[in-house]
Amino acid sequence: MDQFYINLIFVGASFLIYIGIAIWAKAGSTSDFYVAGGGVHPITNGAAIGADWMSAASFISMAGLIAAGGYSNSTFLMGWTGGYVLLAMLLAPYLRKFGKFTVPQFIGDRYYSENARLVAVICLIIASVTYVIGQMAGAGVAFSRFLEVDSTMGLIIAAVVVFVYAVLGGMKGITYTQVAQYCVLIVAYTIPAVFISLHLTGNPIPGLGMFSTHTESGVPLLAKLNQVITDLGFNEYTADVDNKLNMVLFTLSLMIGTAGLPHVIIRFFTVPKVADARWSGGWALVFIALLYLTAPAVASMARLNIMTTLYPEGTAAQPIEWAEIENELDEDGNRHWIKEWEITGLISFEDKNGDGRVQYYNDKNPEFAAEAEARGWQGSEFSYNRDILVLANPEIANLPGWVIGLIAAGGLAAALSTAAGLLLAISSAISHDLIKSRINPGISDKGELLAARISMAIAIVVATYLGANPPGFAAQVVALAFGIAAASLFPALMMGIFSKRVNNVGATLGMLSGLIFTLVYIFMYKGWFFIPGTNNLPDTPENWILGISPLSIGAVGALVNFAVAFMVSKATAEPPVEIQELVESVRYPRGAGSAHDH
Amino acid sequence: MSGHSYDAENYWKANLRLILGSLVIWALVSYGFAILLRPMLAGIAVGGTDLGFWFAQQGSILTFIVLIFHYSWRMNKIDEKFGVHEE
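Sequence order for the protein chains is A and B. Going by the UniProt record's numbering, the residue at position 459 of the first sequence is 459; the numbering climbs one at a time, nothing skipped. Going by the UniProt record's numbering, the residue at position 73 of the second sequence is 73; the numbering climbs one at a time, nothing skipped.
If you're looking for bench data, these hints aren't it; they were derived computationally from the structure. Hints may contain errors.
Derived lysine to aspartate or glutamate pairs resembling DMTMM-like cross-links, with alpha carbons at most 20 Å apart [what the hints assert, rightly or not]: (1) 77(B) - 9(B); (2) 81(B) - 326(A); (3) 244(A) - 231(A); (4) 364(A) - 445(A); (5) 77(B) - 87(B); (6) 364(A) - 351(A); (7) 81(B) - 7(B); (8) 100(A) - 80(B); (9) 446(A) - 114(A); (10) 500(A) - 87(B); (11) 100(A) - 542(A); (12) 13(B) - 581(A); (13) 77(B) - 7(B); (14) 352(A) - 7(B); (15) 100(A) - 114(A); (16) 339(A) - 32(A); (17) 100(A) - 9(B); (18) 244(A) - 2(A); (19) 339(A) - 148(A); (20) 364(A) - 340(A); (21) 500(A) - 9(B); (22) 352(A) - 371(A); (23) 13(B) - 2(A); (24) 352(A) - 363(A); (25) 339(A) - 350(A); (26) 273(A) - 87(B); (27) 364(A) - 114(A).
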């Protein structure tokens, strides 16, 4: 059967499941819409958090990111998992006990300040909108690649599907579709990885295979990879990093940013009890780790695969001839994928020295220039988009066409599940924190449910438009979304639980100074409001203050937030008695009903 | 559970102690073993590379999982001991 139809069947079947779930899980009240009625089992919630968390970037791009950076990009692995420890111990159980619908609502109530709540709403919207654009764009790209439709058309199809289950079912529909999407994406991710690991090392578990012996050469896989790439002038894969301060701060920013992202936090409001909020943090990380422990293995193995495919006789010999790659009847059957992906433009080959062979090496390494010249090489002739490492995995591993169909469905599941979670965070902030709280406090439950549905519909339309026409800031998810969540939301939430002394003025000024400090530092290097050319300093390591990258500044911003909040609070009146009692009550699990409005 | 009682205060202290202990391990495996202490541990070989690399790409994540489950299990016991658990 033609690959196109296989992909169509897999994607179509997964979409039918999502829509079926949407019809089954229709929201009847605001409690259903905002927190899925508050009755989600912790393991179910863990799987839903897994899908909510793992985005198109985690699924498609992360392995390629690690493959390119080796050890230095371990920051993403630790940063995007370590945040769950903070969530499960410092935020989730207490916010669940608080028992309301949104993150800004806690900040508004705890700091008895509508201004604090408004700052939180603004932070939430900037972080979530930045994040959701990438998901919508990712869904469009996945569509156009696997189903041969125009990417804008693909984006619209994806938006319609999200529309059906998110507008109809709210959090209830989203929860159960996320569980289904988790299953699709994890199966799609691990199957090719297991086969590649078996092929290279004989070990079926990729995370173990990565540290095993490379069957063909008899040396450890990572040692083999180090040798092959350093032979061609690249940095050692496992090489240590010089700038440890920046590595620590970047990891910390990702961790506290993860813990402060509202679309993740609200998932913990859906479980019945405080104890369940703790357990679901653990389950969430188990489900996330299945992918995050596999990704570094995929990264190292796929990179080695590409090198050995291009240099079949070893790095000392000449690389392969392009004609051999183009030969579809190749007996090895394991090279033709390069040609197929070259057609899509994700792999490129340019025969600079005209010898018909594919020289791939690090032509930016001055120490390697002499050797390259001696071998008659005139620049690296081969390059690949890092997404290839996941997208082409089934072909690299020689797997049948249905696995490619599964990757298509998995990539879309990853994009849609994260998009839906973000859209819910955005729309509930609008309907609950703006409309219900500021504009029309007397609104009935039915009226608010309608307002929530309309906000969701508008949010989807806006996200779709921005996904098709991404503004400059959309590429800055890591800096902007994680920076804001880390510098502004996380400290405010944590102090709200662990300190009785931090008051309305302290928290509001703390959030604002963390936010402004972080944004100014990012804008200095990335351009003001990300307008190209308006940056004050070039975004290179030599210009970073103390070697701190703009991506790592969120952790420092959080420190600024904590410091300002404490100092201002000390200098102003302590919070009223009923607020101190509120803080007491969120600390003790007894008496947590399901999440409610009043 | 409201107001100030002796037990409530000790319950909160027990929670803080458990969190602090967990976060020390959390920081040790990630910022410690995987980043800052990596050169010190370079002599310990793990599958073609060193212990620090393993912690950076596998070990820290596995430790995080154990930490959360351990915290949840211990906290539920502490909830019961102090009588603040949910019915």
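Results for each hint:
1. 77(B) - 9(B): holds, 16 Å
2. 81(B) - 326(A): At roughly 70 Å apart (the allowed maximum being 20 Å), residue 326(A) and residue 81(B) break the hint.
3. 244(A) - 231(A): violated, 26 Å
4. 364(A) - 445(A): violated, 62 Å
5. 77(B) - 87(B): With a Cα-Cα distance of about 14 Å, the restraint between residue 77(B) and residue 87(B) holds, given a limit of 20 Å.
6. 364(A) - 351(A): Judged against 20 Å, a Cα distance of about 18 Å means the pair holds.
7. 81(B) - 7(B): holds, 10 Å
8. 100(A) - 80(B): violated, 25 Å
9. 446(A) - 114(A): violated, 24 Å
10. 500(A) - 87(B): violated, 27 Å
11. 100(A) - 542(A): violated, 46 Å
12. 13(B) - 581(A): holds, 17 Å
13. 77(B) - 7(B): The hint holds at about 15 Å.
14. 352(A) - 7(B): Between residue 352(A) and residue 7(B) the Cα gap is close to 77 Å, so the pair fails against 20 Å, i.e. violated.
15. 100(A) - 114(A): Holds. Residue 100(A) to residue 114(A) sits at ~16 Å (cutoff 20 Å).
16. 339(A) - 32(A): violated, 50 Å
17. 100(A) - 9(B): Judged against 20 Å, a Cα distance of about 25 Å means the pair is violated.
18. 244(A) - 2(A): Since the Cα atoms of residue 244(A) and residue 2(A) sit roughly 50 Å apart, the hinted pair is violated (cutoff 20 Å).
19. 339(A) - 148(A): The hint holds at about 18 Å.
20. 364(A) - 340(A): violated, 27 Å
21. 500(A) - 9(B): Within the cut-off at roughly 13 Å; holds.
22. 352(A) - 371(A): holds, 17 Å
23. 13(B) - 2(A): The given pair, whose Cα atoms are some 64 Å apart, is violated under the 20 Å limit.
24. 352(A) - 363(A): holds, 12 Å
25. 339(A) - 350(A): At roughly 13 Å apart (the allowed maximum being 20 Å), residue 350(A) and residue 339(A) satisfy the hint.
26. 273(A) - 87(B): Holds, at roughly 10 Å.
27. 364(A) - 114(A): violated, 54 Å
Consistency with the previously given hints fails for numbers 2, 3, 4, 8, 9, 10, 11, 14, 16, 17, 18, 20, 23 and 27, ordered from lowest to highest.
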